[in-house]
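*Asks:* So you can see what is in the structure, the chains are spelled out below.
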Amino acid sequence: EVHLVESGGGLVQPGGSLRLSCAASGFTFSSSWMTWVRQSPERGLEWVANIKPDGTETYYMDSVRGRFTISRDNAKNSLYLQMSSLRAEDTAMYYCARDPGDRAVDYLGQGTLVTVSS
Amino acid sequence: DVVMTQSPLSLPVTLGQPASISCRSSQSLVYSDGKIYLHWFQQRPGQSPRRLISMVSNRDFGVPDRFSGSGSGTDFTLKISRVEAEDVGVYYCMQGTHWFTFGQGTKLEIK
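One line per chain: the protein sequences are A and B, in this order.
This note's numbering applies: residue 1 is where the first sequence begins, and numbers increase by one.
This note's numbering applies: residue 1 is where the second sequence begins, and numbers increase by one.
These aren't lab readings, by the way, just hints derived from the structure by calculation.
The structure displayed is predicted, hence computed values, not measured ones.
Every residue, glycine too, gets a C-beta built ideally from N, C-alpha and C.
Just so you know, nobody snuck in bad clues.
Pulled a few chain A residues facing chain B out of the computed Cβ check, cut under 10 Å:
hint, residue
1, T35
2, V37
3, Q39
4, G44
5, L45
6, W47
7, N50
8, D62
9, M93
10, D99
11, D102
12, V105
13, Y107
14, G109
Here are a few chain A residues that face chain B, going by a calculated C-beta distance under 8 Å:
hint, residue
15, L108
16, Q110
17, G111
With the hints as constraints, model all of the structure from the sequences given.
*Replies:* Structure representation (structure tokens):
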């Protein structure tokens, strides 16, 4: 069974940084594209970033490019999202998700809440 | 960006009755490989989203056959043949043809 567990969320001031982690199990992590999706009442569901199985390609939504970095450690079955220069509009629940190879996600974790506020 | 527009936004349904949700994209969702990357998700109260349907009409593992998807080009539909209590939640369409965008969601409730 696919299992994704996010951690690292919390309250951070505008301009601050945060690193999210995701522990994956129940599937071959090293063969899977992985994705971060976020959800807020104001903006709904948004695809934040994704990363190729070997980590050599990464893609970002326009509003986070240059501020967020997605990475992975296949030896630890872990996915990361380094977030910097955080803004109030980055406030959201952040989900780690698996991309099964059909330009979507199928399984999402329970999420970790990021709140950007002074 | 491709805009995904769902209707209705609120859907009260009597138990055992059918339900239908429409999703319209601002551009054709036919990808360069000829395939259509349109998917449907369900988010039950207090839970994370879960995919129900991939590539317009393929049910994901474990999804009851009362759920079905159809459509082409820019117009797509999710149908529930007989609504059950566990179907309460918000339903989203999502396109993966032009980057990735979600619809705004349709809230299904029991009448």
